[in-house]
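There are 2 protein chains.
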Amino acid sequence: MNTFFARLGGLLLVTALALLPGWAAAEDGYELWLRYRPLVAPAMAQLPVRSIVVAAPDSPTLRAAVAELQRGVAGMAGRAPAVADAPGPGALVLATPARAPAGVSVDWAALGAEGYALRSLVLQGRRVTLIAANTDRGLLYGSFAWLRAAQTGADLSRLDERSAPKVGLRLLNHWDNLDRHVERGYAGASLWDWWRLPDIVDARYTDYARANASLGINGAVLNNVNAKADSLTAPYLAKAAALADVFRPWGVKVWLSARFSAPRELGGLKTSDPLDPAVRAWWQAKAAEIYRVIPDFGGFLVKANSEGQPGPQDYGRSHADGANMLAEALAPHGGVVMWRAFVYAPEAKDRAAQAFDDFKPLDGQFAPNVIVQVKNGPIDFQPREPFHPLFGAMPKTPLALELQITKEYLGFSSHLVHLGPLFEEVLKADTHRGTTVAGAVKAIAGVANIGTDRNWSGSQFDQANWYSFGRLAWDPDLAAADVAREWAAQTFTARPAARDAIVALMADSREAVVDYMTPLGLHHLMGTGHHHGPAPWVDNLERVDWNPTYFHRASRSGIGFDRSASGSKAVAQYAPALARAWGDPRSTPPELLLWFHHLPWDHAMPSGRTLWAELVTRYDRGVATVDSMARRWAALNPDIDPQRHAEVTAYLTVQAREARWWRDACIAYFQSVSGLPLPAGTRPPARSLADYQALQFPHAPGR
Amino acid sequence: MNTFFARLGGLLLVTALALLPGWAAAEDGYELWLRYRPLVAPAMAQLPVRSIVVAAPDSPTLRAAVAELQRGVAGMAGRAPAVADAPGPGALVLATPARAPAGVSVDWAALGAEGYALRSLVLQGRRVTLIAANTDRGLLYGSFAWLRAAQTGADLSRLDERSAPKVGLRLLNHWDNLDRHVERGYAGASLWDWWRLPDIVDARYTDYARANASLGINGAVLNNVNAKADSLTAPYLAKAAALADVFRPWGVKVWLSARFSAPRELGGLKTSDPLDPAVRAWWQAKAAEIYRVIPDFGGFLVKANSEGQPGPQDYGRSHADGANMLAEALAPHGGVVMWRAFVYAPEAKDRAAQAFDDFKPLDGQFAPNVIVQVKNGPIDFQPREPFHPLFGAMPKTPLALELQITKEYLGFSSHLVHLGPLFEEVLKADTHRGTTVAGAVKAIAGVANIGTDRNWSGSQFDQANWYSFGRLAWDPDLAAADVAREWAAQTFTARPAARDAIVALMADSREAVVDYMTPLGLHHLMGTGHHHGPAPWVDNLERVDWNPTYFHRASRSGIGFDRSASGSKAVAQYAPALARAWGDPRSTPPELLLWFHHLPWDHAMPSGRTLWAELVTRYDRGVATVDSMARRWAALNPDIDPQRHAEVTAYLTVQAREARWWRDACIAYFQSVSGLPLPAGTRPPARSLADYQALQFPHAPGR
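Sequence lines, in order, name chains V and U. Counting from 1, one number per residue, gives the positions in the first sequence under full-length UniProt numbering. Counting from 1, one number per residue, gives the positions in the second sequence under full-length UniProt numbering.
Since the hints were made in silico from the structure, they are not lab data. The C-beta atom is built at its ideal place from N, Cα and C for all residues, glycine as well. It is possible that part of the hints are untrue.
Claimed, not checked - Covered by chain U, according to a simulated footprint, are these stretches of chain V (three or more residues, beta-carbon under 8 Å):
{"hint": "1", "stretch": "194-205"}
{"hint": "2", "stretch": "549-563"}
{"hint": "3", "stretch": "697-703"}
Stated by the list, open to error - Across the chosen pairs, the derived CB separations fall in these ranges:
{"hint": "4", "chain 1": "U", "residue 1": "A646", "chain 2": "V", "residue 2": "P97", "range": "36 to 46 Å"}
{"hint": "5", "chain 1": "U", "residue 1": "A285", "chain 2": "V", "residue 2": "R687", "range": "53 to 63 Å"}
{"hint": "6", "chain 1": "U", "residue 1": "A345", "chain 2": "V", "residue 2": "G308", "range": "39 to 49 Å"}
Stated by the list, open to error - Computed from the model, here is a short list of chain V residues facing chain U with C-beta under 10 Å:
{"hint": "7", "residue": "T96"}
{"hint": "8", "residue": "H181"}
{"hint": "9", "residue": "E183"}
{"hint": "10", "residue": "G188"}
{"hint": "11", "residue": "Y236"}
{"hint": "12", "residue": "A238"}
{"hint": "13", "residue": "S413"}
{"hint": "14", "residue": "T452"}
{"hint": "15", "residue": "R454"}
{"hint": "16", "residue": "W633"}
{"hint": "17", "residue": "T653"}
{"hint": "18", "residue": "V654"}
{"hint": "19", "residue": "R657"}
{"hint": "20", "residue": "W661"}
Hey, can you work out the whole structure from these sequences and the hints?
Here it is as structure tokens:
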């Protein structure tokens with residue numbers, strides 16, 4: 001593309017471009033938020049880019065930044081700016097400290113290795129825009145920041161922005177298998193065409209890396225945490241290296257999930273015991289082999305002794321033993337081990353408490369290049385969970401926050417649920433141990449929602465979750481609503497009324513899904529295996545803590561999981577102030593009430609309703625919000641291109657139907673348990689409980 | 001798209017459109033042969049389309065034809081012609097008999113229900129182009145024929161063409177599973193997003209139907225012949241109906257593969273015995289249910305008692321009993337049963353002879369709406385097979401020819417192999433029973449090579465196999481080379497020198513793959529299960545007739561499968577003239593020699609070489625041809641857009657490597673068996689036989 005684009009030179013393109021009659025003309029979502037559509041007249045006048053001046057050492061990353069600026073300006077203003085030697089009026093000046101033009105004054109130290117400054121200034125009598133950074137990667141991020149400012153309608157003549165990431169490692173985790181099936185993928189197959197790599201390198205890999213770079217995402221774990229050892233063989237490393245070559249100019253490092261038993265499976269060893277010298281030697285040789293083909297390899301992500309995966313406990317060793325052995329192999333090359341804390345042992349004790357109990361005692365035992373990766377909440381990516389008690393509780397251990405962008409438990413890609421508020425909620429949560437969750441982590445990982453679907457994410461609005469993840473990982477202090485506003489302006493329209501209507505709809509969506517699926521702190525009520533739809537009645541699974549009944553504990557006398565002092569005591573894992581507040585139903589916020597407490601159906605809620613009536617009210621509110629979202633989207637018809645508007649409309653129809661299904665099936669079930677009549681005026685479930693229980697989904701995606 | 005396009009009206013578009021800087025600008029193959037790029041100046045002057053006049057009853061199909069003409073002319077000439085009431089100069093006139101303008105004289109009867117005539121003529125003093133047909137579908141096909149003429153550089157001022165299909169049913173068979181895995185699919189996942197249907201209807205379904213309509217393909221079996229019963233449940237019928245609604249204007253009927261045991265699996269019956277009244281009633285009710293939601297449903301394709309699929313023989317009934325029971329259910333609705341003859345029983349007799357022995361005795365026993373679907377050759381889609389002996393041998397039974405477009409045994413989508421010559425070879429084969437194969441069939445089915453890959457077929461050149469299948473199914477008398485020329489002109493370039501170079505390269509490709517995989521009548525030498533690469537040494541599979549050693553029978557004394565009178569006698573299944581010729585090695589063409597005969601390694605070949613030397617020569621020739629193809633493609637660099645040129649180049653590199661692998665592994669193996677030295681001057685295999693035998697491909701696609 002770059003070559004093609006370079007040929008284009010300064011050719012003036014007409015606005016009629018958007019009316020191209022070919023198949024490619026419709027907005028299908030492929031371009032994501034990097035659409036670079038022509039700005040409307042007043043904004044266009046503000047876009048005075050006549051040239052690009054490079055005052056920085058040449059590199060592939062710098063060239064990528066310049067090409068992206070040319071592409072963006074060509075799209076928005078109709079003319080690609082040429083690269084010039086000296087800053088004329090209206091130049092974009094990309095500068096690093098050693099080569100910055102005279103008269104440029106920047107607090108370089110504050111920018112660090114990845115940050116940037118954008119500033120409108122007068123240089124040698126000419127009005128120019130400065131993009132300043134210490135590195136080519138900073139210039140790349142600054143270029144995308146300038147393009148974002150232009151696309152969102154910022155005043156480009158008065159820029160004065162400085163930004164540096166607060167979290168150093170911002171990674172996507174792809175749960176992609178080598179056969180291209182994506183575990184919990186709802187956007188088609190895996191982007192990685194392992195069979196054809198490294199010979200065939202899809203142009204889409206570049207666009208993937210561009211999109212990540214535009215957000216500051218700087219790493220990608222390519223394969224599923226439920227890993228195959230094959231990904232560590234020489235042929236698969238060559239394939240991963242081909243992807244790394246594509247990603248490198250865009251600042252995205254390749255990581256791999258490592259199967260702990262690889263020394264046995266691939267190396268022919270008798271054991272994978274992390275204390276065995278031959279095992280350690282095998283991993284050291286493997287690390288050296290990897291760095292020979294991927295010199296900037298990020299490191300390993302490991303799911304060990306969790307849900308059937310092999311791990312150090314198979315040999316009587318600890319998680320620290322396992323992680324440190326891999327860390328030792330990676331350390332000479334600068335690699336990092338991300339060791340997942342998502343573990344729950346086979347015993348029957350409260351599943352929510354197990355990761356804390358397993359990992360907290362290991363604090364201080366991990367090698368310096370180990371990061372323990374902790375899911376946002378103590379169960380598993382539910383519509384709402386309290387933050388995980390490990391955050392703030394392992395001061396001697398670098399932690400990573402693992403978020404799930406793919407909506408395994410939130411309606412797949414069919415439901416419009418903006419995750420920005422969910423991410424914000426956990427990032428800004430006060431651990432009461434002297435830090436927020438964001439302040440307690442060195443890395444943020446997001447389980448990707450990306451696949452081969454033309455729109456990348458399965459539905460248009462799911463792109464916003466990728467976007468919000470990346471932007472909040474770069475700067476957890478951003479407000480989710482502001483990030484949504486940026487996204488909507490770039491992805492749909494910068495016109496304020498329509499943009500704000502979209503943002504309002506997104507803002508409502510997260511609370512809606514909580515309401516129609518799992519209100520008041522309920523969790524894990526979904527269908528078995530595929531996790532599609534409601535199944536609160538399931539009580540017959542292999543492990544007791546896989547059953548929805550284990551989590552809601554509804555009976556004739558009440559509902560909820562008692563994690564207070566009278567129950568599993570898991571609440572005591574939080575800092576004392578929180579443990580006190582959440583240990584008492586009177587001081588527990590309603591949205592976490594049944595997470596921490598088992599309460600009678602007639603428990604009085606702050607609203608004045610009984611718990612049972614409040615539960616029904618919340619389910620109804622969720623359905624009503626989805627209906628309202630659909631109405632508000634319909635009203636946006638004049639503002640949105642036809643294909644994307646119709647597609648979102650179709651998805652909202654599905655969501656409205658499935659929200660009712662969740663509401664009806666859950667109410668029917670809980671009523672059958674409580675034996676209580678429906679509160680006056682409540683619409684009865686549309687079908688019988690038996691009908692809902694009979695539904696089966698043998699070909700649901702993502703399993 | 002149509003709505004969007006209609007808005008466009010007569011807006012003049014500039015040639016600069018092709019330089020659109022967005023991501024969509026590069027040629028990625030999505031548009032197939034329907035690219036409608038601006039014609040170069042002299043050809044553009046020949047494109048005098050100023051208006052479209054519709055002299056035919058309105059219908060969705062007619063509107064589709066008009067929209068396609070508008071889209072095509074807008075792309076090629078820069079201006080979309082408006083629909084006019086009366087034929088002005090330069091009009092395209094679409095006419096059916098009842099409404100044809102005065103002065104139009106057409107041999108309507110010769111056109112049948114699907115045919116069309118294109119003619120340049122003077123009407124009321126104005127030069128116009130007539131597209132005439134008896135039906136809207138004929139007008140649709142005629143419109144695509146006119147667009148093809150325009151794109152291939154025909155003289156549009158002197159058109160006089162008439163065409164009507166010689167075979168009534170022209171179907172794609174999709175081996176697509178409900179989880180979107182495609183059996184023997186090498187182009188990504190299934191197009192059919194069953195999970196999201198019927199709510200979400202991908203715009204791509206329309207483009208799929210358009211592409212088929214452009215070739216005259218008039219039906220699609222949506223699901224794998226290894227069928228799940230689920231596809232016959234109400235939810236899946238609703239999904240299929242949504243696809244049928246999209247396809248209908250484009251003349252593409254929906255068919256389904258039916259699982260024979262559905263009455264037991266879905267209906268709760270104790271049996272699926274075709275003579276059981278309850279089973280018959282179940283199928284009749286199911287057919288009625290299908291036609292309620294898909295009124296023009298095509299019918300069922302059935303794989304029964306074949307490779308583990310259930311069938312009538314499970315109940316001691318014949319294939320005719322099974323097919324007739326389904327035919328009875330479909331008959332009231334006009335539906336058809338396609339009953340596959342691809343069967344081979346568990347006994348050890350020559351697998352190539354079994355379908356004939358099973359089906360020939362049933363001739364005359366099938367209901368009128370049953371068509372027996374026979375693969376092109378008696379084994380299974382090998383690079384070369386003799387035509388199947390059933391063609392011409394069942395005069396009382398309508399037959400269908402089943403071709404495989406997806407290249408299960410010909411290098412997947414990685415090898416450039418144009419199948420036109422293979423299709424042509426079988427279609428034009430003289431059965432010596434008074435007809436060619438094409439003359440002996442009522443239907444032609446092609447196992448599709450289409451998936452979610454952006455270019456539809458996995459590689460650019462595999463689009464040509466879809467194209468050639470459709471065009472040859474419409475008119476088996478076409479020359480494969482002419483069809484390739486049409487395709488190359490539309491898909492890559494109409495400039496004669498480059499176009500003809502592409503065609504020449506395609507023409508060589510089929511013989512090349514025969515040479516480097518299975519020369520001289522060898523067959524079934526491929527790897528187990530995935531069918532990737534050579535494995536002539538495999539001799540340990542569950543069934544003896546799954547082993548490559550079963551098929552080549554190589555030993556110290558010779559090689560080949562003796563199907564003559566001294567062997568399995570399978571050659572006697574052909575008409576006497578052929579049985580005589582092919583029963584004797586002296587009159588058997590070299591390309592079928594080892595299909596029919598087991599011969600000593602020193603057997604003298606017409607070339608003067610020994611059989612062993614000839615075998616090595618052919619393997620070498622195959623490799624050399626691929627090298628030549630790569631060189632000739634490289635020379636086309638100035639004529640092809642960069643992205644597609646680079647992609648094809650990368651695939652040719654893979655093919656050259658894998659052709660050597662085939663050649664080296666097969667020669668190494670056959671040499672180990674024959675014990676003979678390599679002929680003088682022969683390059684020895686690059687690696688040891690053991691090396692080739694050790695290769696494994698655990699994640700190969702398409703299994």
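Outcome of the hint check:
{"no.": "1", "hint": "194-205", "in the structure": "holds (count 8)"}
{"no.": "2", "hint": "549-563", "in the structure": "violated (count 0)"}
{"no.": "3", "hint": "697-703", "in the structure": "holds (count 4)"}
{"no.": "4", "hint": "A646(U) / P97(V): 36 to 46 Å", "in the structure": "38 Å, holds"}
{"no.": "5", "hint": "A285(U) / R687(V): 53 to 63 Å", "in the structure": "24 Å, violated"}
{"no.": "6", "hint": "A345(U) / G308(V): 39 to 49 Å", "in the structure": "41 Å, holds"}
{"no.": "7", "hint": "T96", "in the structure": "27 Å, violated"}
{"no.": "8", "hint": "H181", "in the structure": "8 Å, holds"}
{"no.": "9", "hint": "E183", "in the structure": "13 Å, violated"}
{"no.": "10", "hint": "G188", "in the structure": "6 Å, holds"}
{"no.": "11", "hint": "Y236", "in the structure": "9 Å, holds"}
{"no.": "12", "hint": "A238", "in the structure": "13 Å, violated"}
{"no.": "13", "hint": "S413", "in the structure": "9 Å, holds"}
{"no.": "14", "hint": "T452", "in the structure": "6 Å, holds"}
{"no.": "15", "hint": "R454", "in the structure": "8 Å, holds"}
{"no.": "16", "hint": "W633", "in the structure": "15 Å, violated"}
{"no.": "17", "hint": "T653", "in the structure": "6 Å, holds"}
{"no.": "18", "hint": "V654", "in the structure": "5 Å, holds"}
{"no.": "19", "hint": "R657", "in the structure": "8 Å, holds"}
{"no.": "20", "hint": "W661", "in the structure": "13 Å, violated"}
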